[in-house]
Amino acid sequence: MNAHAESLGVKGLVLGFGETEVLKGIDLSVASRGVTALIGPSGCGKSTLLRCFNRMNDHLTGFWHRGEISVTGRDVYDPTWSLEALRFQVGMVFQKPNPFPLSIKENVLFGPRLAGITDMATLDSTLSRSLQRANLWDETKDRLDASALAFSGGQQQRLCIARALASSPDILLLDEPASALDPIATAKLEETLAELSREIAVLLVTHNMQQAARVAQRTAFLYLGDLVEEGETTQLFSAPREKLTEEYVTGRFG
Amino acid sequence: MSPLAASRLRRSRAVDRLVAAIITVGGSSVLLAVAFLMVFLVAQCLPMLGTGSLKRTAPVSDGPNPVAALEDEYRSSVTVVGEDGAMDVVPRSGPPRVVRLDGVQPPVRQGRTDVAGTLLALEDASGAIGVWAFAAEVKWHGEARVIEPSLRKIATKPGHGGAPILAVSGDLSSPTVLVASSKGAVLLTGTDDAAASVELALASPPRVGALATDGSQLWLASARQLAWFSVAGQSDQLLTPQATVPLAAAPTAAAMVVGDFTLLLGDETGNVNAWQAVTGAVAGSKVLDRAGTFAGKGAVRALTVSQRDKAFLVQRTSGTSIAYLTSRRILLSVPEFPADSTIAGFSPHRDGLFAVTRAGVVHRWGLDLAYPEATAETLFLPTRYEGFTKPELAWQSTGGSESFEPKLSLIPLLVGTLKGALFALLFSAPCALAAALFVSQFAPATLRKVAKPVIELMAAVPSVVVGFLGALFFAPLLQRHIVGILALLILLPVSVVLAAALWQGAPALWRRRMTPARELSLVSVLLVAVSILVFAAEKGIERVLFAGDLKGWLLAAAGITYDQRNALVVGFALGFAVIPIIFTLAEDAFSNVPPSLISASLALGASRWQAARTVAIPAASPGLFAAVMNGLGRAVGETMIVLMATGNTPILSFSPFNGMRTMSACIAVELPEAPYGGTLYRVLILTALLLFAMTFVTNTAAVMVSNRLRRRFGRLAA
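Those protein sequences? They're chains A and B, same order as listed.
Residue numbers 10 to 263, in the working numbering, belong to the letters of the first sequence in order.
Residue numbers 1228 to 1945, in the working numbering, belong to the letters of the second sequence in order.
Hints are not guaranteed to be accurate.
[What the hints assert, rightly or not] Label-pair distances were calculated between CB atoms; the ranges are:
(1) A14/A / A1744/B: 34 to 42 Å
(2) A1735/B / S38/A: 24 to 32 Å
(3) A1744/B / G260/A: 40 to 48 Å
(4) I1759/B / S91/A: 28 to 36 Å
(5) S38/A / V1932/B: 51 to 59 Å
(6) A14/A / L1716/B: 53 to 61 Å
(7) L1236/B / D67/A: 53 to 61 Å
(8) A14/A / A1735/B: 22 to 30 Å
(9) D133/A / W1730/B: 30 to 38 Å
(10) G1732/B / G125/A: 15 to 23 Å
I should point out that these hints are in silico values taken from the structure, not numbers from a laboratory.
Using N, Cα and C, we set each Cβ at its ideal position, and we do this for glycine too.
From just these sequences and the hints, can you work out the full model?
This is the structure in structure tokens:
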């Protein structure tokens, strides 16, 4: 586990695609433990900000940025740090469950196999540990070879978490992971995130302010490419410093 | 419901029904058209399955003791020359018309006709042998057409005291007659004014003999020996046979098959053997080779050959049948053939058969032998044709003369088709699949926008242009730079892989700066540089490795010949036509892979290549397979390019340096000149049917494998 108190950080980040400027100068620091929620109305740039940390924006047409992006204190664009190694350290879960049409086992072991791990004992322990951490072990231990596509949406999303955890990342990025799930599956997912956040940093983009209030220790509110306010979740929801934040959390726009 | 809404609903329902009807008609007519095409092709091929038929007409009586008979080409009458020295024109029905032949002294002792049905040799009471020309003149009496056969004496040869006339042949100006003699036989050549003869020596008296049409070679068979003589340019001397072979059974009948290559020899055991004089081991020598046997019961009484093709009539004591030399098949038996017939013959167009009995009854049949040259064996198995020393697979449908034996094996065409398609795929499939992968998964979006339409534009180049460029520009280029181009085929991929491996060792800062666009330009520079280097070193490579001449080296080292229009040229030209088809379908298959899966693998730390290998390629594999199969279908069916760039030589060779003839090109070349309903026409239609079946099987296999793959990887692309 890294020694830095800060897991993720951006300084003066200005970012855009082609002519469009999406983020307009953001400073943010995310602690190495706990859940941090990014909230804000659609199009405010919270997903884009999330994708900076594992450089997923690099694959998009016209992407450019200024400012610093760091993970565990290290610049993500450090030439000695390969993209692949960065992504082993920063796991990501997408909005819609996207398991591969492979077995549970092969889904979870996708990352370790990419990393070239072939030792069966290591792989087996990674498999069980990842599924346990994602709270999926009890449901899957008897059918590890079943197709991942036979599972429910909530299970698939937790499988995606297990898949991301198999590379032992220090940080987990989640991009509206519960938006396609029903309330019970959402509750299970949130429970899982809460447990995970004791060991690693979790950055959660969510549309759902109740969810942010339920799971996140800290919350950042973005609006039109600016970071309006960042702070303790309870404080941000109960006594926001900014008027814009207050209007958003009280549901006057969004 | 308001009246307005009700009427609107009615109208929309009517439109629905109309559109549904139009779509149904359109869809089913496409299916019908395909079905019709299939039915048409099959219907055109079916007649080849038949073995032919005989249609007997009522016999007509003529005077007794006939010596020779001929039929005119219109089959209007059989002209019988009797012992009485008269020519009886026997029509299909009604009484014969008797015409006296001037200058014949009855009784006529013997008569013999030639293979072509135009010459008749008669020995009469005077002891001389008269050679008569047979002709049938068409005359019009008002609206009625009358065929008037006539015999005209064209030569007189000295007789040999009743010694049997073995054969007569030659043209009207100088006919040749072969007569048995005490020493063997005498060939009477020359004209009446300048008579000549060749004495042929044989150990024992000849029983049967045959003469080539041009009189240049002849066969004589005694009881125990078959002898072959080449008599071209010989005269007035005693000639011994150039080749002999002992016979197992005494010969009873001989006939030369039209084409002068094969002698049919019937014997007393009932066998008919086909003998050919083939080049022997010693230079200039000939050996007699038995090229086939038609076995049967009962001694052979007589052999009669067709003037048109390789069909012949075998009269045995047990019965009479018609056989075909090329296919070595007995086609049909003639059940009502009179056992006491002394003369038999085919009609000039081989569409009829006649026989005359000793009592003078003329029997006639209409004859249809269907397609005797094209049997399952000759089409698909090695066949020994005249002039070949062993059974071979050959295609040569037409020759210079009427007596040409068509060689109709479809195997060289089938092999040529598959070879062309295979070489095209070897070149195009890797190129097109790699290009599709690059464009869809690696290339920057701006390049993708340009590359896809440009590659697809290749499909718009008319194939005649591609064929033209392939045949007239690329083929000579390849011939000049064969070493360089072959070297490039190996060195270009190798250099890219090597460069990629070296790049791994490059400083991290350089690697970080690499973008797909820069990568592309660097690779292009590399490819151009390697090409320039290879062509600069080409002569050197050829000198060091292949003694300065690859083609000579290939011929010396491996016996491989080099054709200018060869499979490599076709591979490139046809490949050029196939690339856009495979590319488009493969690119679509890659584009249909859900981006979320690619993102998932990238986010898990996969490199671009790992994401392609583990996710994109498996997910797209059904589409990729279908793309290659479609390319194969196009390559198999493509006509214009192969027509122009293959050289069209129907040879059975797998060498990349030889040409070929594909089924499609063969149809294109030969069908316009194939007489409708003829054997070649039917065989070409069969070729088309095979081609149809091949594409059908390819496509069906493609769909089946594709579905299987889809079940395995399917939901990746769901």
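Comparing the hints with the structure gives:
1. A14/A / A1744/B: 34 to 42 Å: holds, 40 Å
2. A1735/B / S38/A: 24 to 32 Å: holds, 27 Å
3. A1744/B / G260/A: 40 to 48 Å: holds, 46 Å
4. I1759/B / S91/A: 28 to 36 Å: The hint (28 to 36 Å, Cβ to Cβ) holds, given that I1759/B and S91/A are roughly 34 Å apart.
5. S38/A / V1932/B: 51 to 59 Å: At 55 Å between Cβs, range holds.
6. A14/A / L1716/B: 53 to 61 Å: holds, 59 Å
7. L1236/B / D67/A: 53 to 61 Å: Once the Cβ atoms are compared, 55 Å apart, the range 53 to 61 Å for D67/A and L1236/B holds.
8. A14/A / A1735/B: 22 to 30 Å: holds, 28 Å
9. D133/A / W1730/B: 30 to 38 Å: holds, 36 Å
10. G1732/B / G125/A: 15 to 23 Å: holds, 19 Å
Going through the hint list in order, the structure satisfies each hint without exception.
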